[in-house]
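Colleague: Given next are the chains, with one letter for each unit.
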Amino acid sequence: MPLDFTKGSVSQDFAEKVTPGALAEDVEGDTLSAIATDADTGNDDHIKSNVAADAELSLALKNLNFDASSIAFSAGFACAAGNAGNIFKLRLYMGGLQMQESAFLENQSPALTYVLRDFKALSGSQNCELKAHNSSGGFVTLWLYGGNGPVAAAIAVGSVKLV
Amino acid sequence: MPITGRVLDYDPKAGQIDGIGVDGDNNDPVKIINISLGNVSWRLVTIDLVDDLAEIEVSPGERINILKDGGNPDNPEDWISRPATDEEKQGFLDYARDAIEKHTKDELYDISGSKRLVKPVEAVNAYIEKPPKLGLRFTE
Numbered sequence: 005m006p007l008d009f010t011k012g013s014v015s016q017d018f019a020e021k022v023t024p025g026a027l028a029e030d031v032e033g034d035t036l037s038a039i040a041t042d043a044d045t046g047n048d049d050h051i052k053s054n055v056a057a058d059a060e061l062s063l064a065l066k067n068l069n070f071d072a073s074s075i076a077f078s079a080g081f082a083c084a085a086g087n088a089g090n091i092f093k094l095r096l097y098m099g100g101l102q103m104q105e106s107a108f109l110e111n112q113s114p115a116l117t118y119v120l121r122d123f124k125a126l127s128g129s130q131n132c133e134l135k136a137h138n139s140s141g142g143f144v145t146l147w148l149y150g151g152n153g154p155v156a157a158a159i160a161v162g163s164v165k166l167v
Numbered sequence: 014m015p016i017t018g019r020v021l022d023y024d025p026k027a028g029q030i031d032g033i034g035v036d037g038d039n040n041d042p043v044k045i046i047n048i049s050l051g052n053v054s055w056r057l058v059t060i061d062l063v064d065d066l067a068e069i070e071v072s073p074g075e076r077i078n079i080l081k082d083g084g085n086p087d088n089p090e091d092w093i094s095r096p097a098t099d100e101e102k103q104g105f106l107d108y109a110r111d112a113i114e115k116h117t118k119d120e121l122y123d124i125s126g127s128k129r130l131v132k133p134v135e136a137v138n139a140y141i142e143k144p145p146k147l148g149l150r151f152t153e
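Top line first, the protein sequences correspond to chains A and B. Using this note's numbering, the letters of the first sequence map in sequence onto residues 5 to 167. Using this note's numbering, the letters of the second sequence map in sequence onto residues 14 to 153.
Check before you lean on any hint, since a few could be wrong.
List time: in silico DSS-like cross-link candidates among lysine-lysine, alpha-carbon distance up to 30 Å [what the hints assert, rightly or not]:
| id | chain 1 | residue 1 | chain 2 | residue 2 |
| --- | --- | --- | --- | --- |
| 1 | B | 128 | B | 26 |
| 2 | B | 118 | B | 143 |
| 3 | B | 81 | B | 118 |
| 4 | B | 102 | B | 118 |
| 5 | B | 26 | B | 146 |
| 6 | B | 115 | B | 102 |
| 7 | B | 143 | A | 165 |
| 8 | B | 146 | B | 128 |
| 9 | B | 26 | A | 165 |
| 10 | A | 165 | B | 146 |
| 11 | B | 81 | A | 52 |
| 12 | B | 115 | B | 128 |
So these bits of chain A aren't anywhere near chain B, every CB distance computed over 12 Å [said to hold, decoys possible]:
| id | residue |
| --- | --- |
| 13 | 26 |
| 14 | 29 |
| 15 | 44 |
| 16 | 45 |
| 17 | 61 |
| 18 | 111 |
| 19 | 162 |
| 20 | 167 |
Because the hints were derived from the structure by calculation, they are not lab data. We put the beta carbon where it would ideally sit given N, CA and C, even for glycine.
Please put together the full structure from these sequences, using the hints given.
Modeller: Following this line, the structure appears as structure tokens:
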């Protein structure tokens, strides 16, 4: 039975129905990226990173090969706290595009878990990546916390394709 | 918002699905220029490859970080966080809007120091021939 998509919230005059044959799993979305670890200690449950002024720190990256007609979904999450307020934001990239940016991360203990998720049509070898951006004019510390099961930061990606 | 980075390709078929259709360079990704929008989050809606603009959907931050009176901004313990009031949230949105609307596009590139978007002619032509349509959306 063909599936029927009506795109977005466009008025009926402009709505276009896509009627693919079927959807099938393309890239499996049940495996996380490599887990973020501290560059000095190798720990994955208590990570301290000094981020340069106006620089981005890669927290989690997944590179996958997508089918030509693939729709990918990615969710990046981090349990994080900045060393000062109103400095760090998280950014989600898919296929070489910046898809989202969070509001400022809080600076408090315990750290909070932030999630950025989005979808995009991807094909071929593509990156999905979660980054943290330091908007200040100097080095600032970003803390990531995991431990007892939860990881500090990771990204999960899955996709479906039209067949 | 003006955008920077490097476009690798525009796929009209992808544009009909996700409303964007643009593939960027992982080493020089397509993104909004380096202007602080303040305490807001945003999501990319679509990209205009003719005018080098991104349409983004902006939301105010739910919480606010405040420095204690007399506090040292470099001392983490001198910062407190609490839920933002409706008035503060509106202030966040006003700040983001003013950061962009009070300047021309050229001025914004100058202020941000971001370089102009690099894009192949083929991608622009493909975009003009079949621009993206409103794609799949999250329903909140």
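Colleague: Now tell me if each hint is right for this structure.
Modeller: Results of checking the hints against the structure:
Between the alpha carbons of residue 128(B) and residue 26(B) the distance comes to roughly 28 Å, so the proposed pair stays at or under 30 Å and holds. The hinted pair formed by residue 118(B) and residue 143(B) meets the criterion: a straight-line CA distance of about 25 Å does not exceed 30 Å. Simply put, residue 81(B) and residue 118(B) have alpha-carbon atoms about 37 Å apart, too far for the 30 Å limit, and the pair is violated. For the hint pairing residue 102(B) with residue 118(B), the CA-to-CA distance comes to about 26 Å; that is within 30 Å, so the pair holds.
Distance check on the hinted pair: residue 26(B) and residue 146(B) sit about 10 Å apart at the alpha-carbon level, within 30 Å; holds. Restraint check for residue 115(B) and residue 102(B): satisfied, since their Cα atoms lie roughly 20 Å apart, inside the 30 Å limit. Pair hint residue 143(B) plus residue 165(A) holds up; C-alpha atoms about 22 Å apart against a cutoff of 30 Å. A distance of roughly 27 Å separates the Cα atoms of residue 146(B) and residue 128(B); the hinted pair therefore holds under the 30 Å criterion.
Proximity of residue 26(B) to residue 165(A) is assessed by CA-CA distance (about 13 Å); at most 30 Å being required, the pair is judged to hold. Of the pairs offered as hints, the one joining residue 165(A) and residue 146(B) holds, with about 19 Å between alpha carbons and a cut-off of 30 Å not exceeded. A C-alpha spacing of about 24 Å is found between residue 81(B) and residue 52(A), which places the hinted pair at or below 30 Å, so the restraint holds. Of the pairs offered as hints, the one joining residue 115(B) and residue 128(B) holds, with about 20 Å between alpha carbons and a cut-off of 30 Å not exceeded.
The beta carbon of residue 26(A) sits about 15 Å from the closest Cβ of chain B, which is more than 12 Å, so the claim that it is off the interface holds. Residue 29(A), annotated as away from the interface, keeps every beta carbon of chain B farther than 12 Å; the closest lies near 17 Å. With a minimum CB-CB distance of about 20 Å to chain B, residue 44(A) clears the 12 Å threshold, and the non-interface call stands. For residue 45(A), the non-interface assignment is confirmed: its Cβ lies about 20 Å from the closest Cβ of chain B, beyond the 12 Å cut-off.
The non-interface label for residue 61(A) is consistent with chain B: the shortest C-beta to C-beta separation is roughly 15 Å, beyond 12 Å. With a closest Cβ-Cβ approach of about 5 Å to chain B, residue 111(A) is found to fall inside the 12 Å limit, against its non-interface label. Non-interface status of residue 162(A) relative to chain B is upheld: no Cβ of that chain comes within 12 Å, the nearest being about 15 Å off. Once the 12 Å rule is applied to beta carbons, residue 167(A) is consistent with being away from chain B; the minimum gap is 15 Å.
Violated hints, in rising order: 3, 18; the structure is consistent with all others.
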